[in-house]
Structures are given as structure tokens and as C-alpha cells.
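Visitor: Using the numbering used here, you'd call the opening residue of the sequence shown number -16 and step up by one each time.
Be careful, since some hints might not be right.
Said to hold, decoys possible - Mimicking DMTMM-like on lysine to aspartate or glutamate, the simulated pairs with C-alpha atoms at most 25 Å apart in a straight line are:
| hint | residue 1 | residue 2 |
| --- | --- | --- |
| 1 | K236 | D262 |
| 2 | K255 | E18 |
| 3 | K265 | D248 |
| 4 | K254 | E180 |
| 5 | K153 | D142 |
| 6 | K153 | E143 |
| 7 | K25 | D60 |
| 8 | K245 | E187 |
| 9 | K25 | D219 |
| 10 | K37 | E47 |
| 11 | K25 | E73 |
| 12 | K254 | E73 |
| 13 | K25 | D44 |
| 14 | K236 | E187 |
| 15 | K254 | E187 |
| 16 | K255 | E234 |
| 17 | K153 | D115 |
| 18 | K153 | E9 |
Claimed, not checked - Pair by pair, the computed Cβ-Cβ distance ranges are:
| hint | residue 1 | residue 2 | range |
| --- | --- | --- | --- |
| 19 | A63 | G197 | 47 to 53 Å |
| 20 | A46 | G233 | 50 to 56 Å |
| 21 | V128 | G202 | 33 to 39 Å |
| 22 | R83 | E47 | 31 to 37 Å |
| 23 | E193 | K39 | 42 to 48 Å |
| 24 | E234 | E47 | 47 to 53 Å |
| 25 | F232 | K265 | 37 to 43 Å |
Hints were generated in silico from the structure; no laboratory data involved.
All C-beta atoms, glycine included, are put in the ideal place defined by N, C-alpha and C.
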Amino acid sequence: MQHIVVIGAGTMGNGIAHTAAASGLEVTLIDVAQEFLDRGMKAISANLQRGVDKGKISAGDKAEIIGRIRQSTSVADAAAGDLVIEAILENLAAKSALFRQLDEITPPETILASNTSSISITRLGAVTRRPDKVIGMHFMNPVPVMTLVEVIRGIATSDETYGRVEDLAKRMSKTAIEVNDYPGFVSNRVLMPMINEAIFALYEGVATAESIDGVMKLGMNHPMGPLQLADFIGLDVCLAILRVLQEGFGEPKYRPCPLLVKMVDAGWLGKKSGRGFYDYRK
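I would like the entire structure built from these sequences, with the hints used as guidance.
Guide: Here it is, written out as C-alpha cells:
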């Protein structure tokens, strides 16, 4: 593979584009409006500049990496890629519509991957005529730093597709861990109930947010407490994943805490909105 297409220039999408370009791949970054592309490229530039400032890469390296990223506002440009990675909002209907479109415009040998954190790869594959070439590539945030890629096989994903994606992950200096397609996969099936329980502890007045996070950091050696981590993930994303788990398994243990629902309703989505369990407006 030499040319990767990334659809969605948000936090995950620009991180994937950055990492792919840094590994020597040609990248086309697609979003619906130039303002979103500009914002994504600004984030990539800032992240690369930190590497320059620390002496990890040169200014010339930064320019070369950015030079390998082409920007586009047309999904039709996805046809040029050897592999397309979708990194849009965490919504089944939106992702399914995009996969139908990609199935129409890309050559039949193109692999279609989703960066979804919880949505069924089998369902996404079923809306295409190439379910054997549909796969999940769940990168971790921040993508340039975190080494894990959860590679999710839908029921029809072929061994050849998995092998090519595993090779790509290695080229991007990532560790691919194979996971089968069940709600939340492994990462969020384990993580989200922990975050949800931490929110319940806050909701029930067991302790303050700082105390809950402090216990998990000092007692469980977590680098970040669950409530702060939820703020960084986005409380709307956490809620969406918990609802996927609740629907997929039908078990009450995945019921989102009412405090989480209320905060999302209020627009308190965490770091990206300036307010979540902590205040980021300062």
C-alpha cells in the first residue's frame, strides 16, 4: 500500500493522516468543508512542531510529512486510495451511508476500514458488495503517540484483508491486536463500564471528581483518572458507546449514568466544549 485515504479531519482523522504521512505513505485527507481540513492540518502542524522543538525531527522532516498530505472536500477522491479509513462521527446511519458511497466509487479491490470505537464492522460490511474487504482499524487517541490499533474482523472479513491491514499498522509503527466483532470490541467493552461506574460514584456523592480520579491514578497506576479520560474522549462519545453496549448485549450493567446523559444534554461534552467533569475554559 502506498496511498491511504482518511475521511474525517477531526481529532482521530488528522492523527491517522499525520501518522500515515510520517511513515512515508501518501495521504488524501477528506472532509465536508475546507474549514475542517484547515483545522485538522493546523493540529498536524502543531503536533509535528512539538517534535521539531524536542529535536526528534527536523524542520525539513516536518515539511516533507505535511507535503505528503493532500486535502479534498470531495468523497470522489477516495477512489485513488489503496485503503480508505473512515473517521467520521460515531453514528451507524452516517457510517453506513458513507460505506455505501465508498463501495460505489472505489475500485473493488480497495479495502474499506472504519476507525469506529464500537459500531459493528459486520453491519458496515453488509451494506457493501465487498464485506470481505471491510475491517475495523480502531486507533487510540492521541494517534501519533499511542501504539495500539484494535483490528476488528467482521464475520466476512478475509484473512488477506486482515494481513494487509496488519502490515499497514506495522508500517505505521503500530501494534495490531486482532479482535472479533462484538459490541465495544475489547477496549471499550472494558473501559466504558469503568468510566460509567466512576460517573455513578460521582452522581451518588461517594467522592469528588478529583478524589475518584486520584484513587484510580495512585491506587491502580492509571496515567489518567476515568473522569478526566472521559472528558478527553468526549462525553457524547462515551454515551454513544454505552448505548451501543446496552443495545448490543441487552444487559442493565451498561445503562448510562443519568448524570452522563444530563451533561451531554447540557452540551458539557468535556475538553472539546470547554466543560465536562472539569472546567477547561481557563
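Visitor: Give a verdict on every hint.
Guide: How the hints compare with the structure:
no.: 1; hint: K236 - D262; in the structure: violated, 29 Å
no.: 2; hint: K255 - E18; in the structure: holds, 17 Å
no.: 3; hint: K265 - D248; in the structure: holds, 22 Å
no.: 4; hint: K254 - E180; in the structure: holds, 20 Å
no.: 5; hint: K153 - D142; in the structure: holds, 16 Å
no.: 6; hint: K153 - E143; in the structure: holds, 16 Å
no.: 7; hint: K25 - D60; in the structure: holds, 22 Å
no.: 8; hint: K245 - E187; in the structure: holds, 14 Å
no.: 9; hint: K25 - D219; in the structure: holds, 24 Å
no.: 10; hint: K37 - E47; in the structure: holds, 18 Å
no.: 11; hint: K25 - E73; in the structure: holds, 23 Å
no.: 12; hint: K254 - E73; in the structure: holds, 18 Å
no.: 13; hint: K25 - D44; in the structure: holds, 16 Å
no.: 14; hint: K236 - E187; in the structure: holds, 16 Å
no.: 15; hint: K254 - E187; in the structure: holds, 23 Å
no.: 16; hint: K255 - E234; in the structure: violated, 30 Å
no.: 17; hint: K153 - D115; in the structure: holds, 21 Å
no.: 18; hint: K153 - E9; in the structure: holds, 16 Å
no.: 19; hint: A63 - G197: 47 to 53 Å; in the structure: holds, 49 Å
no.: 20; hint: A46 - G233: 50 to 56 Å; in the structure: holds, 52 Å
no.: 21; hint: V128 - G202: 33 to 39 Å; in the structure: violated, 25 Å
no.: 22; hint: R83 - E47: 31 to 37 Å; in the structure: holds, 36 Å
no.: 23; hint: E193 - K39: 42 to 48 Å; in the structure: violated, 33 Å
no.: 24; hint: E234 - E47: 47 to 53 Å; in the structure: holds, 50 Å
no.: 25; hint: F232 - K265: 37 to 43 Å; in the structure: holds, 39 Å
This entry does not satisfy hints 1, 16, 21, 23, going by the numbered hints stated previously.
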